[in-house]
Amino acid sequence: MKNKEPLSPHIQIYSWHISSLVSISHRITGIINIISITLICLWASLLLFGESYYIIIDLFLSSLIGKFIILILTWSFSFQILSEIRHLIMDFGYGFELKTTKITGLLVIFGSIFLTVVLYLVGKNFI
Amino acid sequence: MVQINLPENSRVIKGKYFKDKTGSKNLRKINIYRWDPSTREKPRIDTYEVDMDNCPSKVLDILNKIKNEIDPTIAYRRSCAHGVCGSCAMNMGGKNGLACTTPHAEIDGDINIYPLPHLKVKRDLIGDLDGLYKQYQSIEPWLKSNSKSESKEIFQSKKDRAKLDGAYECIMCACCSTSCPSYWWNGDKYLGPAVLLQAYRWIIDSRDEERQKRLKKVADELKLYRCHTILNCTSACPKGLNPAKAIAEIKKMLATANV
Numbered sequence: 154m155k156n157k158e159p160l161s162p163h164i165q166i167y168s169w170h171i172s173s174l175v176s177i178s179h180r181i182t183g184i185i186n187i188i189s190i191t192l193i194c195l196w197a198s199l200l201l202f203g204e205s206y207y208i209i210i211d212l213f214l215s216s217l218i219g220k221f222i223i224l225i226l227t228w229s230f231s232f233q234i235l236s237e238i239r240h241l242i243m244d245f246g247y248g249f250e251l252k253t254t255k256i257t258g259l260l261v262i263f264g265s266i267f268l269t270v271v272l273y274l275v276g277k278n279f280i
Numbered sequence: 176m177v178q179i180n181l182p183e184n185s186r187v188i189k190g191k192y193f194k195d196k197t198g199s200k201n202l203r204k205i206n207i208y209r210w211d212p213s214t215r216e217k218p219r220i221d222t223y224e225v226d227m228d229n230c231p232s233k234v235l236d237i238l239n240k241i242k243n244e245i246d247p248t249i250a251y252r253r254s255c256a257h258g259v260c261g262s263c264a265m266n267m268g269g270k271n272g273l274a275c276t277t278p279h280a281e282i283d284g285d286i287n288i289y290p291l292p293h294l295k296v297k298r299d300l301i302g303d304l305d306g307l308y309k310q311y312q313s314i315e316p317w318l319k320s321n322s323k324s325e326s327k328e329i330f331q332s333k334k335d336r337a338k339l340d341g342a343y344e345c346i347m348c349a350c351c352s353t354s355c356p357s358y359w360w361n362g363d364k365y366l367g368p369a370v371l372l373q374a375y376r377w378i379i380d381s382r383d384e385e386r387q388k389r390l391k392k393v394a395d396e397l398k399l400y401r402c403h404t405i406l407n408c409t410s411a412c413p414k415g416l417n418p419a420k421a422i423a424e425i426k427k428m429l430a431t432a433n434v
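Listed in order, the protein sequences are those of chains A and B. When you line the first sequence up against my numbering, it's residues 154 to 280, in that order. When you line the second sequence up against my numbering, it's residues 176 to 434, in that order.
Just so you know, these hints were derived from the structure itself, not from any lab. None of the hints are false.
DSS-like cross-link-like pairs, simulated, lysine-lysine; straight-line CA separation at most 30 Å: (1) K391/B / K364/B; (2) K270/B / K255/A; (3) K194/B / K270/B; (4) K338/B / K252/A; (5) K157/A / K295/B; (6) K255/A / K398/B; (7) K319/B / K388/B.
Among chain B residues calculated to face chain A with C-beta under 8 Å, some are: (8) W210; (9) N287; (10) P290; (11) P292; (12) K295.
Glycine included, every Cβ here is placed at the ideal spot set by N, Cα and C.
Starting from the given sequences, assemble the full structure and let the hints guide the process.
So, in C-alpha cells, the structure goes:
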C-alpha cells in the first residue's frame, strides 16, 4: 500500500529575520489594538450608568497590573503606527531592497520602544 | 486555514546515525530529512558525519559526497550545479536556496537540510511542485500579440527592454514561493511570489498586447493581495531578484490604472 505523502516542515524550521518578525508583530499588535479599542469603547459606554461603573475600572487600571497593561497597549499602538507608516511607504513601491527593509524594520522595533517611553514620560509628567 | 503543526504522518522522528569512517579530524554533522515512499515509516532525520577536509565548498558537494561515499539511498534533485537550472532548491540552515550556490561555510553549527517547506514530499529532499507549475500555467506566461504579423520581429526600445531586468532572470526554482508563509497557508489560491513575479514580467512587457486582461486576471483578493510584505521571498531568492517589489508594483498598477 502506498504511504500518504508527508508535508515537509515549514514554520518549524524556517529561520526568522527582521521583516518577518515585524510582519507577524504587526498582526499581533493589530489584534490587540482592535480588542483594546473595543474595551475602551465599552468602558466609555459604562459612564452612562453612573460614576460607580467608572470607578471600578479606574481602580483596576490604577493598580500595578493595570498600569502594566496600559504600558503594553502603549507599545502595541506605537508599534502599529510605525509599522503602518512602513507599510505605506512600501505601498508606494519604495524600500524593498533587503538592506532597507532591515533598517526600516529595526527602526520600527526600536522606535516603538522609544515612543512608548516618551508617551509614558509625557503621561506621567504632564497629564 | 492556518495550520501551524504538521499533520500526524508528517511529524519528523530521529533517524539513523552514520559515524565517520575516514578518521578525519575536520568533521561536520549533516542532518538530512529522509522519507521513503516504499515504507510506511514516518519521515526521519538522518545524521551524517562528513569529512570536510576532502569536500568542496558548496552544500551540494556535501550531498554528492554523502551519496557517493556514505549512503547511496539518499535522493535529491540536481542538474547544472551552477545556479542556472534551479533543480537543487532546498532548505539549508533554515533558509531556502540552491544547494549548488550556497557555501556550507555560511551555515553555523550542524547543517540541517530539508526539502522546500510546505510541499508534499515525493522522497527525501524532493518536493512536489505540481501546484506551482499549474499556477504558472494559469498566468499564461507567453507573448500575446493579436494585431502584429507573426512572421515579423516585434521591436522593443532599450528603455522598455530594461523594464524586464530583474524579472526575466527568474529560474523558477521555487525558493521564494516555498519560503512565503502566506503561500504556506493559502498556496491553493494565492499565486505566490515566483508566479506573481512572472505575471509582472508579462504585464510590463511592451510587446505584449493583453496587459489589461492580465492585470484584471491577477486582481483578486486571494491571488494577489495575500502578500503582506513578509519579504521571505526576496531574502531567499538565489538570483538576487525582488519578487516582493514586483508584487507591490502590480498592486500599484491596479490602484492607479482603470482596470
